[in-house]
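Spelled out, the chains give:
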Amino acid sequence: MLDSITVAGLGLTSVGVLPPVSKDGAAGAWYSDENLTTPFSDAYVSGATVLYSTFYVKPPATLTVGTGGIYPTVADALAAASDGDTIKLLSDMTYTSGITIDGESITFDLNGFTLDVNVSSGTALIVKNGGSVATQGTGALNVSSGVSAADAGSIGVWVYGASSSATVTSATATGTFSKAAYAATGGTITVDGDTTATGEVSFGAYAEAMTDDASIHVGGNATANGTGSNGVYANGGAHDAQITVGGNAAATGEGCTGAYVPGKGTVAVIGNVSSSGDQCTGAMAVG
Amino acid sequence: MLWQWANVNGSVTADGGATGVAFVGVAAQTSGAAVTVDGNVTVDGTVPGGYDTTDLEICGVVAAGAGSTVQIGGAVTISGDYRTGASAMEGGTVTVDGNVSANATGAQADKGTAVTNLVTIKGEIQTTGAYVKIGGVSKTAADGAAGTSADAGYTVFTVTNAGSTHTVRVSASGAPAITSANHTSIPAKGSIFHVTATGTAPLTYSLTGAPDGVSINSSTGLITMNAAYHRRVPIRPLP
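Sequences listed follow chains A and B, in order. Per the working numbering, the very first residue in the first sequence carries number 366; after that it's consecutive. Per the working numbering, the very first residue in the second sequence carries number 26; after that it's consecutive.
Keep in mind that the hints were calculated from the coordinates and are not lab data. Hints may be right or wrong, so weigh each one.
To be verified - Listed next, the stretches of chain A that the computed footprint assigns to chain B, with coverage defined by at least 3 CB atoms under 8 Å from CB atoms of chain B:
#	stretch
1	503-517
2	641-651
Said to hold, decoys possible - Here are the in silico distance ranges between beta carbons for each label pair:
#	chain 1	residue 1	chain 2	residue 2	range
3	A	Gly602	B	Asp176	39 to 49 Å
4	A	Ala514	B	Ala91	37 to 47 Å
5	B	Asn242	A	Gly468	51 to 61 Å
Just so we're clear, the structure is a prediction, and the values are computed from it rather than from any experiment. In this text, a Cβ means the ideal position worked out from N, Cα and C, and glycines have one as well.
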């Protein structure tokens, strides 16, 4: 039995010193068949004989990313993470490719830092099929999509599918029909701070419950700016669309509505509701 | 559970701006829809072009549809021309705890077949136009009748048309009135004399001619007495 082995593998500069291992790999959980998922075909064993041409190493449950971390980029950390893992920030970071979490649970340990997920169009953060994104620690996880009116359909955070959920610090979307926070068919979104949407027929928070319940909680303000915009919009079909706002719900622009419940749904605003613009409406519940 | 429901703990503002229009402050439309606002509703702007200025739906607050309800905890203030403060139609119910101020019509109840439309204003109506309209007919404040039973304390305007009942009821004078019973005996130690009253919120309670040691909580109406001054005295609470 070796005292230790050091593995340098694909995409990693080092994963540290591994526990003792025997030829059949039975000595450590790192090498048990059910836990070892990531192959390193060019691994080597320091000061000893290579036991296998291919090593399997399970990443640690907490994946550090940023300055001094195991993973230099968010993309690296996301690629290595599996269900139940925590990605811990070691510095402020910006990610511009968008994130999709499909059926897995990922926690971002903000660790006093900020992760800005900014995409120029499309959706900054998608969580679906029972997946979840949670945050812990101080710091911020901000999601933003779109930069101009031409970025139609931009979404800050979009959660759908039964038992899917996401928590972010703020959500922003820019573009026609943009939605800062969009929960649909079983999705639940928590925005600790503000949601802001800008563009024609944009939505600060949009809950849509056609085939399953959907809910959004905004701890700060929900705001939409643009013709036909809605600060909050809860639209259910046979199910409940629920939105709660801890701050204010506001909309500006012609035909805008501060708080709108067009179908089966509920909206609760702790603060004020306001609308400003030609033919605007403050709060409306209508089927 | 209601199908459509919105609750606002604060206020609702719809501001059409100096040259723009505001459509409606708060609306609960279609059956079962409900909106509650704990604070005030403010609407500023003229009626949108192309709309009938007498349309019940172009107003400050409206409940339209069987079982639809609008509950306003504060006041409804409309700044703009040709607009109604509070409307109930097609089976709607509107309750405003504070005052309703509107240029065109204070409150109105109309429309629907075999339905009950009810607007209750616990404060005052302030308008330069029609005080209320029921079934499409304008009424002055003097046209109302003193309410009885469940309508006690209100001036009631009601009419039945085509099987529907359209009612607007307004706090009789807008002035506060004490509703708690008089106490003419010496209360036992530890007893509570809590003055209650109706009127436009928020009410402020005060005492006139109160002897030393007797005071009233200005917010709650609770009267307390220091035991050192315990004796029979006349007390007249004024809300």
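Hint by hint, here is what the structure shows:
no., hint, result
1, 503-517, "violated (count 0)"
2, 641-651, "holds (count 11)"
3, A:Gly602 / B:Asp176: 39 to 49 Å, "40 Å, holds"
4, A:Ala514 / B:Ala91: 37 to 47 Å, "41 Å, holds"
5, B:Asn242 / A:Gly468: 51 to 61 Å, "58 Å, holds"
Hint compliance for this structure: hint 1 is the single one not met.
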